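> Sequence:
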Amino acid sequence: MLAATLCFTLLTGSTSTSRLAVTGTVRSNYRPVYDILVRPAGQTQALERSQNLVQTGSTDSINGGITLQQWHRIEQIPDVAVAAPVAVIGYTMPTLQIPLDLSTALTSGDGSPQVLRIDQTWTGDRGLSRMTDGPIYVYATDHKLLPWSAYTGADGAGRYAPQLVGPDGRRTRICPAWQDYPRDASPFMPDNRQDLVCWSTATAKTAGSQVPSDWTSQDTYPYVSIGWPYPYLIVAVDPDQENKLVGLDRSVVSGRGLSEADKPHASTITMDQFEDVVRPGERQDDRKLSLTQLPILLADRPDNDEQLHLTVSRLPASAARQVEAGTMQDQLFDTWRATRGTVLQERDMDVADVHGKLIRQLTSGPYVDRMLSPVGTTASEAWATGPNGALAPMRQRNRDYWDSEPSGITVHGVPLLAGGDEWRALTPHDGGSLEFDDHGGLVTKAVSAQVVGEFDPSRLSVARTLAAAPMDVYAPAAATGADDASRKALGGRAMLPTGYPSGLIGRSATMITTLDALPLFHAGYSGFTPEDGKAPISAVRVRVSGQVTADPVSRERVRLVAERIRAATGLTVDITAGSSATGVRIDLPGNDHGRPALALAQPWVKKGVAVAVLAAVDRKSLLLLGLLLTVCALFVANAAGASAAARRHELGICAALGWPARHIRGLLLAETLAIGMGAGVVGTLAALPLARLLDIQLNTVDTLLALPAALAVTLVAGLPPAWRAGRADPAQSLRPAVLVRSRARSPRGVTSLAVANLFRAPGRLLLGATALAVGIASLTLLEAISGAFHGAVAGSVLGDAITVQVRGSDRLAAAATTLLGALSIADLTYVAIKERAAELSLLRASGWPEGSLIRLLVTEATGVGLLGSAVGAAAGLALTRSITGQLPAQVLAAAAATAAGGAVLAALAATASAQALRRLPTVQLLAGE
Numbered sequence: 001m002l003a004a005t006l007c008f009t010l011l012t013g014s015t016s017t018s019r020l021a022v023t024g025t026v027r028s029n030y031r032p033v034y035d036i037l038v039r040p041a042g043q044t045q046a047l048e049r050s051q052n053l054v055q056t057g058s059t060d061s062i063n064g065g066i067t068l069q070q071w072h073r074i075e076q077i078p079d080v081a082v083a084a085p086v087a088v089i090g091y092t093m094p095t096l097q098i099p100l101d102l103s104t105a106l107t108s109g110d111g112s113p114q115v116l117r118i119d120q121t122w123t124g125d126r127g128l129s130r131m132t133d134g135p136i137y138v139y140a141t142d143h144k145l146l147p148w149s150a151y152t153g154a155d156g157a158g159r160y161a162p163q164l165v166g167p168d169g170r171r172t173r174i175c176p177a178w179q180d181y182p183r184d185a186s187p188f189m190p191d192n193r194q195d196l197v198c199w200s201t202a203t204a205k206t207a208g209s210q211v212p213s214d215w216t217s218q219d220t221y222p223y224v225s226i227g228w229p230y231p232y233l234i235v236a237v238d239p240d241q242e243n244k245l246v247g248l249d250r251s252v253v254s255g256r257g258l259s260e261a262d263k264p265h266a267s268t269i270t271m272d273q274f275e276d277v278v279r280p281g282e283r284q285d286d287r288k289l290s291l292t293q294l295p296i297l298l299a300d301r302p303d304n305d306e307q308l309h310l311t312v313s314r315l316p317a318s319a320a321r322q323v324e325a326g327t328m329q330d331q332l333f334d335t336w337r338a339t340r341g342t343v344l345q346e347r348d349m350d351v352a353d354v355h356g357k358l359i360r361q362l363t364s365g366p367y368v369d370r371m372l373s374p375v376g377t378t379a380s381e382a383w384a385t386g387p388n389g390a391l392a393p394m395r396q397r398n399r400d401y402w403d404s405e406p407s408g409i410t411v412h413g414v415p416l417l418a419g420g421d422e423w424r425a426l427t428p429h430d431g432g433s434l435e436f437d438d439h440g441g442l443v444t445k446a447v448s449a450q451v452v453g454e455f456d457p458s459r460l461s462v463a464r465t466l467a468a469a470p471m472d473v474y475a476p477a478a479a480t481g482a483d484d485a486s487r488k489a490l491g492g493r494a495m496l497p498t499g500y501p502s503g504l505i506g507r508s509a510t511m512i513t514t515l516d517a518l519p520l521f522h523a524g525y526s527g528f529t530p531e532d533g534k535a536p537i538s539a540v541r542v543r544v545s546g547q548v549t550a551d552p553v554s555r556e557r558v559r560l561v562a563e564r565i566r567a568a569t570g571l572t573v574d575i576t577a578g579s580s581a582t583g584v585r586i587d588l589p590g591n592d593h594g595r596p597a598l599a600l601a602q603p604w605v606k607k608g609v610a611v612a613v614l615a616a617v618d619r620k621s622l623l624l625l626g627l628l629l630t631v632c633a634l635f636v637a638n639a640a641g642a643s644a645a646a647r648r649h650e651l652g653i654c655a656a657l658g659w660p661a662r663h664i665r666g667l668l669l670a671e672t673l674a675i676g677m678g679a680g681v682v683g684t685l686a687a688l689p690l691a692r693l694l695d696i697q698l699n700t701v702d703t704l705l706a707l708p709a710a711l712a713v714t715l716v717a718g719l720p721p722a723w724r725a726g727r728a729d730p731a732q733s734l735r736p737a738v739l740v741r742s743r744a745r746s747p748r749g750v751t752s753l754a755v756a757n758l759f760r761a762p763g764r765l766l767l768g769a770t771a772l773a774v775g776i777a778s779l780t781l782l783e784a785i786s787g788a789f790h791g792a793v794a795g796s797v798l799g800d801a802i803t804v805q806v807r808g809s810d811r812l813a814a815a816a817t818t819l820l821g822a823l824s825i826a827d828l829t830y831v832a833i834k835e836r837a838a839e840l841s842l843l844r845a846s847g848w849p850e851g852s853l854i855r856l857l858v859t860e861a862t863g864v865g866l867l868g869s870a871v872g873a874a875a876g877l878a879l880t881r882s883i884t885g886q887l888p889a890q891v892l893a894a895a896a897a898t899a900a901g902g903a904v905l906a907a908l909a910a911t912a913s914a915q916a917l918r919r920l921p922t923v924q925l926l927a928g929e
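Every letter in the sequence shown is one number past the one before it in the working numbering, and letter 465, counting from 1, is 465.
I should point out that these hints are in silico values taken from the structure, not numbers from a laboratory.
Accuracy of the hints is not assured; some may be wrong.
Said to hold, decoys possible - Below, a list of computed lysine to aspartate or glutamate pairs in the EDC-like style, where the Cα atoms sit at most 16 Å apart:
#1 LYS263 / ASP101
#2 LYS534 / ASP516
#3 LYS144 / GLU324
#4 LYS244 / GLU75
#5 LYS144 / ASP168
#6 LYS263 / ASP240
#7 LYS357 / ASP334
#8 LYS357 / ASP300
Stated by the list, open to error - For each label pair, taking beta carbons as the anchor points, the in silico distance ranges come out as:
#9 THR630 / ASP456: 35 to 45 Å
#10 ALA266 / GLU531: 49 to 59 Å
#11 ARG73 / ALA485: 47 to 57 Å
#12 GLN547 / ARG347: 23 to 33 Å
This structure is a prediction, so every number in the text was calculated from the model and none was measured.
The beta-carbon is built from N, C-alpha and C at its ideal position, and this holds for glycine as well.
Required output: the full structure, derived from the provided sequences and hints.
Structure representation (structure tokens):
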């Protein structure tokens, strides 16, 4: 009873401590940055509806659907503190031209004309995708280069190229201003992305398709321009609401934040001002154009994973002679493709290294480098479901987008890694660029970025806790490996977006403007419909006023606000309070760039996780408490039954002397209750220092509950043996408690004698086997309870954290049940020694060594353990099946392990109790017989 009280007190305290920790974790992670997400009607996917999920990383694919009037209705609903709209405008893709200085490479030569080759290798997807771009060739000479002159190309169109003046004065056209590609040429084929640039020391000029056409100034060094395209996602917000929701103004690290006063504004400039060109001695280009400048807040860091490796090598001298001979450019490329060169230098660049230069270009570069045209919008991924239930994205072809005419992006501005690895459809929206009429007059307004400041996304007040906001506008939905092979391939890192907008991983907003910019795009850019202008908002993130916690009152308040929004607008409304991220498996096929097929876990958001966790904790606590009370009651019943069996002779004599049955029952119950009272007091007091040692918080209610619980369990457990003792026949009580066999067999050893002894006392066998069976069944059922709890809450970030917190109480429950089972076996063995003292003394006197007697008792206990373990495991599995309707693999494994351990436990417990055999007074016992 002492052990039962001690275990009960500690386990109830542990369960309470665990529940307090869980409740604290849930409360501190219950509320994400907003409580309600409002999306356009019909935007949810089938998987979201069936599994109570909201897809993350899909902000860039929601291209409007909510009107400004609907947003204002949401603002006016009672209890709405913040209603922050976000309108996705689309992607703009400026190309940063990075000059690669070739001075060192050229000075390493002997002064003769030479040809350098610059090989470009792009990598992404944590180094798994790797693609070699078309090389750039540089012809370097000391001969003079004359400015570009016009000539007629093979297709009859006008072309321009500089002329090389040879030593004999002959002029040869080289390095044309652009290349003649077939109209159906893929912009992703490296052969269509080659270029030839020329450098003249005498003229101090670099010429080619990637360099300026201004010949009035000289270049200070020989170089080539490496084009690095970078996609910016432009979104429009309401500055006041965004500042309240995420603290956008507090995240500004340079310049200033956006305000309600920031609106697009037009100005008139000349073409020379637009291009930032000075033409000394030449006619000025003073044509006027209307320039609309758009206020922009830029992210100060990239959100993607992309690298570039450059290798500069020198080709053999014959390559320079081929250029001077006027060989056609396509023939040069065909010849040089297989020509080996001497490596001169190598350089690695990361997107983080070039992003700062791109910010400077957008901030202080000429207007022509800050153009926001074209704009591309993406559609949501198309999903198929694999045989294992995982999502499988379907490839998209955006060839029409990347072709130079519809997208306005030149072949060198097309991200090479996008070829064959696109999962979102792209729609081009051209506008805001320069167009001319037949007389050279400007007919289109230009749209240019006016950067007002930079912000640090990590400083935003977006919850980076166990709670998750599904539409995290400022962070990409990075995916992790879902199996060991994928995690190893990714190097244990998350998979980020690559340098194009149509990849699997959605991008974060890196260009922020105001809602006043929406008409500029929807009215001035092609591809937008009138409906886009009427309903430009993609989502509204709502924060309810006051404190929102996991209590029922707060949950009901949020639910009422969500219902009012749904009724007032007819939009899709999701309650995000109490949600947490959960991994949705995506089977991503391999690509042609070297990336293998990957199993990814993308963090979608599961709604209602916090409430499910609290409910599961309450159910689990109740089940554990009931299980412990049952085990304690059976343990006490076993001890009381063993005590009554050991006093059979004494109780039989009392009955023979005329004691009525009620007095015998009262005697046993009074003794049992007295023992229970004393054990309850001692156990409760002993639990106090142990609780401190085990870091368990015992509250007053749990501590005071232990004593009445001990008395109640003692009373319930003591009634059956007391009732049986009162009904016993006095004559039968004076006989040995063994089964009389009509025909006995002579045992041939310790084992056969132990087996015979088991069946000589079937009551003792049943009592011991039942005690152990209860313990084994309890352990099996405990595994089922824990497994059901983990299954109810696991799979989300919050749930996984909770399972770690409650695992300690699970282990303590298992330890308490095991301890009670061990004590039952030990108690049974000790009582058996007392009851069979004369028999054991007779065996010792007849020559049995003490070791054989101990082995006899241990073998008997092992037999009891085997029987009890088998019955308990079977009962535990049956109970699990009846409660849960299934037999999980972990429960089967737990049943097998506990059954095997039951026999070992019985043997160890019997070995400890068998030591009492050494203290038997053999002479006195034999004399008494």
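> None of the hints should be skipped; say for each whether it holds.
Each hint tested on the structure:
1. LYS263 / ASP101: 40 Å, violated
2. LYS534 / ASP516: 13 Å, holds
3. LYS144 / GLU324: Status holds; Cα separation ~12 Å.
4. LYS244 / GLU75: The given pair, whose Cα atoms are some 13 Å apart, holds under the 16 Å limit.
5. LYS144 / ASP168: Since the Cα atoms of LYS144 and ASP168 sit roughly 12 Å apart, the hinted pair holds (cutoff 16 Å).
6. LYS263 / ASP240: 14 Å, holds
7. LYS357 / ASP334: 35 Å, violated
8. LYS357 / ASP300: Given that 16 Å is the threshold and the Cα spacing comes to 11 Å, the pair holds.
9. THR630 / ASP456: 35 to 45 Å: Given a distance of about 57 Å, which is not inside 35 to 45 Å, the answer is violated.
10. ALA266 / GLU531: 49 to 59 Å: 26 Å, violated
11. ARG73 / ALA485: 47 to 57 Å: 50 Å, holds
12. GLN547 / ARG347: 23 to 33 Å: Given about 55 Å between the Cβ atoms, the range is violated.
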